[in-house]
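**Student:** Sequence:
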Amino acid sequence: MTAIISKTAFVTGATGFLGTHLCNQLQEQGWQVFALCRNPQKATELNKEITLIKGDILDVDSFSNNLPEHLTAVFHTAASTNTWFKNNDMQTKTNIEGTKNILKLAQEKSVEKYIHISSVVVFGIHKTLTNITENLSKSGADSWINYVKTKTAAENYVLSQNKLNSVIINPTHIIGPGDTHNWARLIQMIAKNKLPSIPNGAGSFVDVRDVAAGIIQSFHHGKPGENYLLGGTDMNFKQFVHTVADKLEVKPTKVQLPNFLLKAL
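Terminal number for the sequence shown in our numbering: 348, no gaps in between.
The set of hints was computed from the structure by calculation and includes no laboratory data. You may find that some hints are simply not true.
Result set (PhoX-like, lysine-lysine): computed pairs, CA atoms no more than 25 Å apart in a straight line [as the list claims (entries may be wrong)]:
id: 1; residue 1: Lys183; residue 2: Lys306
id: 2; residue 1: Lys137; residue 2: Lys90
id: 3; residue 1: Lys196; residue 2: Lys90
id: 4; residue 1: Lys137; residue 2: Lys196
id: 5; residue 1: Lys321; residue 2: Lys306
id: 6; residue 1: Lys246; residue 2: Lys187
id: 7; residue 1: Lys321; residue 2: Lys277
id: 8; residue 1: Lys125; residue 2: Lys169
id: 9; residue 1: Lys137; residue 2: Lys176
id: 10; residue 1: Lys277; residue 2: Lys334
id: 11; residue 1: Lys246; residue 2: Lys176
id: 12; residue 1: Lys183; residue 2: Lys169
id: 13; residue 1: Lys321; residue 2: Lys337
id: 14; residue 1: Lys337; residue 2: Lys275
id: 15; residue 1: Lys183; residue 2: Lys90
id: 16; residue 1: Lys192; residue 2: Lys246
id: 17; residue 1: Lys275; residue 2: Lys321
id: 18; residue 1: Lys192; residue 2: Lys306
id: 19; residue 1: Lys90; residue 2: Lys192
id: 20; residue 1: Lys183; residue 2: Lys137
id: 21; residue 1: Lys275; residue 2: Lys330
id: 22; residue 1: Lys176; residue 2: Lys125
id: 23; residue 1: Lys246; residue 2: Lys183
id: 24; residue 1: Lys90; residue 2: Lys306
id: 25; residue 1: Lys192; residue 2: Lys137
id: 26; residue 1: Lys306; residue 2: Lys187
id: 27; residue 1: Lys334; residue 2: Lys321
id: 28; residue 1: Lys187; residue 2: Lys137
id: 29; residue 1: Lys277; residue 2: Lys337
id: 30; residue 1: Lys277; residue 2: Lys192
id: 31; residue 1: Lys176; residue 2: Lys187
id: 32; residue 1: Lys275; residue 2: Lys334
id: 33; residue 1: Lys246; residue 2: Lys306
id: 34; residue 1: Lys90; residue 2: Lys246
id: 35; residue 1: Lys131; residue 2: Lys90
id: 36; residue 1: Lys192; residue 2: Lys176
id: 37; residue 1: Lys196; residue 2: Lys334
id: 38; residue 1: Lys169; residue 2: Lys187
These figures come from a predicted structure and were not determined experimentally.
Work the whole structure out from these sequences, hints included.
**Tutor:** This is how it looks when you write it as structure tokens:
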């Protein structure tokens, strides 16, 4: 009887918030998962059946020989995501050069599809939710925020390389179990009644488990060269804060601040 060979996936950023959920869902769906970790000791939430690969996206040669000769798919989630990152040079290197390295690796491994995890910010920082679609121009290229600019540049580079079946995923604001940074910090401040004010603006909030599931579906159904926005419930930040406060049974603040003061969080 011929053995059934499972699909093989290489996931970067595997110990991150999204990467962990993606790896586990892939493994639970029968994929053989190779998870890239800079520090395997942080991989405590990954299913034990997942193969850990120690390495860094800026030094692919240090781990490429530990991967199979052929991979079904590469899921590139690793990135420097801090909007207020102080070391722009390192963030630029991670987000752009790191992407180029992983894309080259994907080509060498003859992948069937390369899934690039980008962000909604490539379409610009919008004050409202009106008409945000995949058809918008990528105004993020002109942003003064290095994270936005480098994510846009990385995505554009991927799309310029037509040798691979590349799909671009643009999640909105990701929330859910396992988050220890990002929106979890704001939620913790709400829970402890330490949120001094509510930032202006609005967003689309989506569960990390739904994003991971959508990414996997993009392997099966995504069209090469296409962008896919993965979003959830649309609300302004005041609504978000009040919804969280209601669930936690605490009293929310009513004061609002300009967006640039978000970095104080």
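**Student:** Does the alpha-carbon distance linking Lys90 and Lys246 stay inside the 25 Å limit?
**Tutor:** Holds: Lys90 and Lys246 sit about 21 Å apart, inside 25 Å.
**Student:** Between Lys246 and Lys183, does the CA-CA distance stay at or below 25 Å?
**Tutor:** Distance ~13 Å between Lys246 and Lys183 Cα, so the pair holds.
**Student:** Is it true that the CA of Lys192 sits at most 25 Å from the CA of Lys137?
**Tutor:** Measuring from Cα to Cα gives roughly 18 Å; hence the hint holds.
**Student:** Does Lys306 lie within 25 Å of Lys321 when you go C-alpha to C-alpha?
**Tutor:** violated, 36 Å
**Student:** Against the 25 Å threshold, does the CA-CA distance of Lys187 and Lys137 hold or violate the hint?
**Tutor:** holds, 18 Å
**Student:** Measure nothing beyond the straight line between the CA atoms of Lys183 and Lys137; if it is 25 Å or shorter, mark the hint as holding.
**Tutor:** Roughly 19 Å separates the two Cα atoms, so the pair holds.
**Student:** So if I understand the rule, the pair passes when the alpha-carbon distance is 25 Å or less; does Lys169 with Lys187 pass?
**Tutor:** violated, 28 Å
**Student:** Between Lys183 and Lys169, does the CA-CA distance stay at or below 25 Å?
**Tutor:** holds, 23 Å
**Student:** Straight-line Cα separation of Lys131 and Lys90 no greater than 25 Å?
**Tutor:** holds, 18 Å
**Student:** For the pair we were handed, Lys277 and Lys192, check the Cα-Cα distance against 25 Å.
**Tutor:** violated, 49 Å
**Student:** Need the status of pair Lys306, Lys187: alpha-carbon distance at most 25 Å?
**Tutor:** Between Lys306 and Lys187 the Cα gap is close to 20 Å, so the pair holds against 25 Å.
**Student:** Going straight from one Cα to the other, do Lys183 and Lys306 come out at no more than 25 Å?
**Tutor:** holds, 21 Å
Violated hints for the displayed structure, listed by number in ascending order: 5, 30, 37 and 38.
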